[in-house]
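Chemist: We have chain U already, so just place chain Z on it with the hints.
Number of protein chains: 2
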Amino acid sequence: MAKAQAYAQKAAQAAKVLATLSTAQKNQVLKAMAQKLRQQHQPILKANETDMANGRDKGLSEAMLDRLLLTGPRIDAMADAIDFIAGLEDPVGKLRPVETRPNGLRIEKMRIPLGVVCMIYEARPNVTADAGALCLKSGNGVILRGGREALQSSLAIAAVLQQALVENGVPAEAITVVDDPDRELLLALLKQTDHIDLVIPRGGEGLIRFVTEQSRIPVIQHFKGVCHLYVDKDADLDKAFDILINGKTQRTGVCNALEGLLVHQDVAPAFLPRVAKAFADKGVRVHGDPASCVYFDKAEPMGDDDYGQEYLALEIAVRQVADFEGAIAHIDRFGSQHTEVIVTENAQAAADFQRRVDAAVVMANASSRFSDGGELGLGAEIGISTSKLHAYGPMGLEALTTEKFVVTGVGQVRE
Amino acid sequence: MAKAQAYAQKAAQAAKVLATLSTAQKNQVLKAMAQKLRQQHQPILKANETDMANGRDKGLSEAMLDRLLLTGPRIDAMADAIDFIAGLEDPVGKLRPVETRPNGLRIEKMRIPLGVVCMIYEARPNVTADAGALCLKSGNGVILRGGREALQSSLAIAAVLQQALVENGVPAEAITVVDDPDRELLLALLKQTDHIDLVIPRGGEGLIRFVTEQSRIPVIQHFKGVCHLYVDKDADLDKAFDILINGKTQRTGVCNALEGLLVHQDVAPAFLPRVAKAFADKGVRVHGDPASCVYFDKAEPMGDDDYGQEYLALEIAVRQVADFEGAIAHIDRFGSQHTEVIVTENAQAAADFQRRVDAAVVMANASSRFSDGGELGLGAEIGISTSKLHAYGPMGLEALTTEKFVVTGVGQVRE
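Protein chains in written order, with full-length UniProt numbering: chain U, 1 to 415; chain Z, 1 to 415.
There could be a bad hint or two in this list.
Copies of one chain are not kept apart here, so a pair can be met inside one copy or by any two copies together.
[Stated by the list, open to error] With a Cα cut of at most 20 Å, we get these calculated EDC-like pairs of lysine to aspartate or glutamate:
| hint | residue 1 | residue 2 |
| --- | --- | --- |
| 1 | K94 | D352 |
| 2 | K109 | E398 |
| 3 | K224 | E205 |
| 4 | K191 | E213 |
| 5 | K109 | D352 |
| 6 | K31 | E381 |
Note that these hints are calculated values from the structure, not bench results.
Only chain U is shown next, with the shape it has when bound in the complex (with noise of 0.2 Å):
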């Protein structure tokens, strides 16, 4: 599809452009952008009343009418994250040494950036300002494309980013809003291997699975997060309670929120009467093997196939392990490589668990809430990984660069 073809193009252009940029001249234009979001509040809340209006009359539910909501201070809160992507490291053009060969080649690497990121999102129209300066500070070019909801409002956005990089000599498709949510131009997208280097959805199970499917090029997976908490014989169960009720009752809707709790059999006892406790006053319901559901007043019992649920509510599924081994089971079987978690004071055991369990993220006697970019690090996060390719976990800039070999002889010739 032409249409699909031009906005690449063009993206992939505005790309070559940005991959030359110092940090300071990306720092320029992001600080431009942030203020200039601070300026504008005017054309953004108006094309957001848009959205709005049209939003109520096709009966959106409450919480996406929030999602979708902009007002000054989420405004300038978006002008905020923008200021603090520049005062990020910038990953591009960092050399590392590598070796110096017998023959006296000298080898290093060099990060760069991947070229053109396309974003397929839903209806959070911050999404556009956040991926828009984690792809310029990182080099590359964004085709942004949102969902109808939230369109006049990311257009908004969008025509004030485009200022600051045009007024800074950066061509506007360097962060590109499709302005036409039809899904044959989404479709043609996701074909244009030749310009686009990168997909990565942000929303449901559905649209990622839509987009996996369809896309020929590559596409950061993240369907669930089917996080276990793992409390170990040799747990101290003061920090299990704090890590179980943090995990499962300080925000729910989110993907590093604790859906399972494995108990070794030996702390039950001692554990669960505490933990049935609180989640009945915290109105957490529980799904549960027969060992545990003893401990809750109103659990539901559950078969041996059916764990490995993403409530995304206050809802958990609680288990007995036999052992060590039987946590490592369970989470192999029903875990969705997002992040696990053990609670012990056995150092070796804690070890073995993070060496031996597959996710992105494997923690010892810390909060699965952690597990995020801003907790871990990474400043700033474009997305979740929970494929192996290319990045596992939270991806921050780093993750949408890559290295190439910088090689240097002195006339070395090959026999």
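Modeler: Below, chain Z without anything else, positioned relative to chain U:
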């Protein structure tokens, strides 16, 4: 298709066992493989005779038949390569510190295998042993889908390798040879996203395009090598000459051979007459722009849009450029993102070239022929990526792994 799923599932189960092996255990298996290959020439040679006879009946070219042919020394060379891989550093399990967060959380990253790799290749039976050993060392299961021509040889080699696996308690399916070269089965394998993590095609452009188009699993792409040598105005012309002759004539049918020569117009009068003489002596056919053609007896004139061909023969395109920017622009348009070389004594020009040129390997004052895994210090090479996701350039053992986050706390929860 049930057969493809069975192959993939069994390989994935075996990969789980591989992921738990220590470096010493993996090296023991590799050494047993090498020893058994040296001891069991007969069944392999016998199977190879069948493939060779079939190949002759089918009228395979002499070059193809030579690639297919196994001899005692060739089998011993495979064994040597496996011993060499046993001696390489094991990337799996390596823990590198990232940072300690202000809240005391310790963040590290640990290298882990990818899971299952599917190699798709043509008539080179030695790929069976090489890829099998590299995947084993990096803790990955491998599914080897070679061409029909080498099938009996591959199965015989794999049977020997599998003896070593099984005698050391590793499931034979850790190295799976697809015993049926059926195209439908291949297509079904390329859809096994739940069990196969990476597809590496090795062969001609047609094979790679087919696999890329059909696969739902990430594919390492390596389409072609159109490598250029740019002789800068500040070049040492002796070095440039040696690097040119080495790059074009040492071996021609390889992707790191030179296919294009760019010469700064200021040094063309001093450089090209010498090149013309050497090319005439060595029988190198020349295509060129009008300004360059005058230096050659029988050069064929080239249109401005005709560059970028991969000759894989004693044949080269020669073009003069007005300046450094002209060389960058030519490579940007006609290069294949494989390997690009500048010869210059000007350190700033070398650094600018290395920074600005978008290729997996960018060299100053060294032959493009060094662009392979062994010569760049990777030990051995499983493939070369000319796309940027996951790996860019020659891929060694590390490119067959990824990193997970390892987080260690003392009970921290999120506010």
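Chemist: If you check each hint against the structure, which ones fail?
Modeler: No numbers; nothing is violated.
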